[in-house]
Amino acid sequence: MAAPETSTAAVPTLYTNNTLRNAFGGVLSFFILLLIGVMAFSIRLFSVIKYESVIHEFDPYFNYRVTQFLAKNGIYEFWNWFDDRTWYPLGRVIGGTVYPGLTLTAGTIWWLLNSLNIPLSVETVCVFTAPIFSAFASWATFLLTKEVKGTGAGLTAAALLAMVPSYISRSVAGSYDNEAVAIFALIFTFYLYIKTLNTGSLFYATLNSIAYFYMVCSWGGYTFIINLIPMHVLLCIVTGRFSSRLYIAYAPLVVLGTLLAALVPVVGFNAVMTSEHFASFLVFIILHVVAFVYYIKGILSPKMFKVAVTLVVSVGLAVCCAVIAVLIALVASSPTKGWSGRSLSLLDPTYASKYIPIIASVSEHQPPTWPSYFMDINVLAFLVPAGIIACFSPLSDSSSFVVLYIATSVYFSGVMVRLMLVFAPAACITSGIALSQSFDVFTRSIKFQLPGISSNTEVDAAETSSATAEAQNDAVKTEKSEETSKNRPSKKSKKKEKEEKPSTKAKAEKRLLALPLDSSVISLLLLILLGAFYVVHCVWAAAEAYSAPSIVLTSRSHDGLHVFDDFREAYGWLRHNTDVDDKVASWWDYGYQTTAMANRTVIVDNNTWNNTHIATVGTAMSSPEKAAWEIFHSLDVKYVLVVFGGLVGYPSDDINKFLWMVRIGGGVFPHIKEPDYLRDGQYRIDSQATPTMLNCLMYKLSYYRFVETDGKGFDRVRQTEIGKKHFKLTHFEEVFTTHHWMVRIYKLKPPKNRIRGKTKKSKSKTSSTSSRGKRSGSGKKNPWQ
Amino acid sequence: MGRASSKEDVGALFRSLRSAYAATTLNLKIIDLYVGFAIFTALIQVVYMVMVGSFPFNSFLSGVLSCVGTAVLAVCLRIQVNKENKEFKDLPPERAFADFVLCNLVLHLVMINFLG
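Protein sequences appear in the order of chains C and S.
Using full-length UniProt numbering, you'd call the opening residue of the first sequence number 1 and step up by one each time.
Using full-length UniProt numbering, you'd call the opening residue of the second sequence number 1 and step up by one each time.
Just so you know, the hints here were simulated from the structure itself, not pulled from any lab data.
Computed from a prediction, not measured in an experiment: that's the story for all the values here.
For every residue, glycine included, the Cβ atom is placed at its ideal position computed from N, Cα and C.
Any given hint could be a false lead.
[What the hints assert, rightly or not] Distance ranges between label pairs, derived from CB positions:
#1 C:Gly572 with S:Asn58: 40 to 50 Å
#2 S:Ser19 with C:Val238: 26 to 36 Å
#3 C:Ile324 with S:Gln45: 16 to 26 Å
#4 C:Gln449 with S:Phe97: 52 to 62 Å
#5 S:Ala20 with C:Leu317: 23 to 33 Å
#6 S:Ser59 with C:Thr124: 41 to 51 Å
#7 S:Ala22 with C:Val27: 49 to 59 Å
#8 S:Glu84 with C:Leu317: 50 to 60 Å
#9 C:Val27 with S:Pro92: 24 to 34 Å
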């Protein structure tokens, strides 16, 4: 940005004025960026202020536990860690199945701070990692948008990203999840790619590959990058924008990036063998072919080039077809055509609901509703189309990349709610461009129509010329000094003419007409009002909607604030009242929290990598007591944990999730049939419920002794009275129920030493059991009583 | 008639290619030779893999990718050093070479880590 300005050496007074103005602008933008970073950090602190500095949700607890292990045992132990406290009896290879970026980042920060004698605990570092990296992400957005459209657009986009609710929802203080660092890595990688594309410097290409490596370490969404960049390269080739800078930007990234991606154990050989990466190799080959063609075209005469083309086309076509046929045969031979389940469900949104019920059951994987767009990006939804148009005038390599980015991310955000997060930076970039351009137009119109400015027309005209020349420079997108050297004589001539005829020359240079003064002023005020609405909405969303740590719940009633801390109460009870080696069975949602807070071995957890194991637990929850006891006993389970919201009206309890347990269990064990649990297609738990439903373990464990609370057994979530009110548990005993009955823990009864009744039926001649047999044969069939 | 003239055309094509290429400067030809050597080494590794099997797949991958990587980086260097390339007119060739060396260092560091 400094280069074009230092070229204005024509007139000394203008020169010093301009450099002074530029210096002032530079300092101002530095302080604005600092304030944007502080705002991004502070807007995410609502939950720490309203509740406490605690880790939220489910997945962050797993990351927290892994970070604790890393902090305690060091990196080599972490890299080779086999965890035997989850997925009992299978265990889990943590080193090979986790994306290490987040844990290594937090671990490094903790180690750095501790070596500087600032004794922060691991939990504090984990809680505040996300806000710090969101500040970095907004600075990265500034850099990216500056490369596309200039500093003004950059600052606007950074301010928008610091506050956008979609990003806040996944990076609030306490939400210690992969996306906290991954979004920063995503934007930073894109920035370095655009920078390499604009400058053609191999140094930035190296940095780009290293940033891509950080992204691969952090999140499974890195496949978005490695498919978007080849798409953009292909777009540039097809629209005739091939240049050697494109080659330098793309080719080293593919080679170095593939090698770096293969280094991460989670990805491993998938970097060269799965279909998610094939696009990059294909475009790599196409790029080389195109580069070769351009080279040959450069060194041959046109007639010879025609001959070369016919020769190559006739020979090469046959070879090409053979190679492509082999590739297609290889890919088609695998049933999923080489794509992983999650990627397939992105491309075909109905795939997961048909074939993989676990992916379909996660609430984050559902398509978003229209209101969620407005909630998550608010005002930006109006500004994005304006930004896309602004990218087209003029179209450069980097603005075509922004258009492609936003088009693809809009599609993917429409498939899965969780991917609104990838859409948010694109929306902020385009909206920043739109806002900044419109501010430009309006303020310029006002400046040229305000009376009283005519005394300074010289300075202002020169400033306009430098501004428009700067806009032209930004639009052309090259920072090569040859461009500026071309502009130097034109700018000098412009300035000289300016001094003679200020107003007419300035007006003729502006490519935009001046709008009428009153409409400019009103439009400016309306734009500021739009920004104010956005800010108000973002702060409200951050404070009310996205700051709830789901581990602690609150509600307001006429007698004040109620705090429901039942989850931690239950995990604390487990931690202090059970043996270290006891196994706890629950639905997979609570696995991470149980291992992290209660420190007990669990059967299934949120990683959901083994569908059959989860189906086993689901089947056990859907079976009658004896069958469930058999299943749990075979897994060495000692305690079963159930979440029940009927007393307080907590809607995300296990009874509401029960149908998913039935579906997943029924997917593997065919004797569990979903229609058995539904009465006329409706899911009920009242007196009209089916007998299978009323006898299954989940019903019994949730509603055991529930009728003692209010005498009628009224379930506040389902808004009915329960069907079976008075029953005893034969194979389980209740050991703990939390204060608001939200978590209930049961213990498996040990098997009896002697079995009465069964042997009597099979060996009727045994005299020692004859008397007992007479007593127990009187109608009691259950050997456990 | 088509055959004969096309054969002549092909001959003329190769001659013009050769003469045009001979006109390039010496340092560019050296870089081209290096690129050819790297590609040739990669091809030998692929042929070996086809014959012997790909068991330590990471070794194969790192070997082939390092050859392809240095070839690509040398092509980038050639682009930046080429005097006829107007886009890089004021990039000093020493800077281009320094970038080339740095990128190669990173590539080989990663490759040796992955070699196993």
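Results for each hint:
Roughly 45 Å separates the CB atoms of Gly572 (chain C) and Asn58 (chain S), a value that falls within the hinted 40 to 50 Å. For Ser19 (chain S) paired with Val238 (chain C), a C-beta distance near 33 Å keeps the hint of 26 to 36 Å intact. Ile324 (chain C) and Gln45 (chain S) have their C-beta atoms about 24 Å apart, which keeps the hinted 16 to 26 Å range intact. For the pair Gln449 (chain C) and Phe97 (chain S), the beta carbons lie near 55 Å from each other, so the given range of 52 to 62 Å is met.
The supplied range of 23 to 33 Å is met by Ala20 (chain S) and Leu317 (chain C), whose beta-carbon atoms lie about 25 Å from each other. Judged by the Cβ atoms, the range 41 to 51 Å given for Ser59 (chain S) and Thr124 (chain C) holds: they are separated by roughly 43 Å. The hinted window of 49 to 59 Å between Ala22 (chain S) and Val27 (chain C) holds, with their beta carbons roughly 56 Å apart. Take Glu84 (chain S) and Leu317 (chain C): their Cβ atoms lie about 31 Å apart, and the range 50 to 60 Å is violated.
Here the CB-CB span from Val27 (chain C) to Pro92 (chain S) is close to 31 Å, well matched to the stated 24 to 34 Å.
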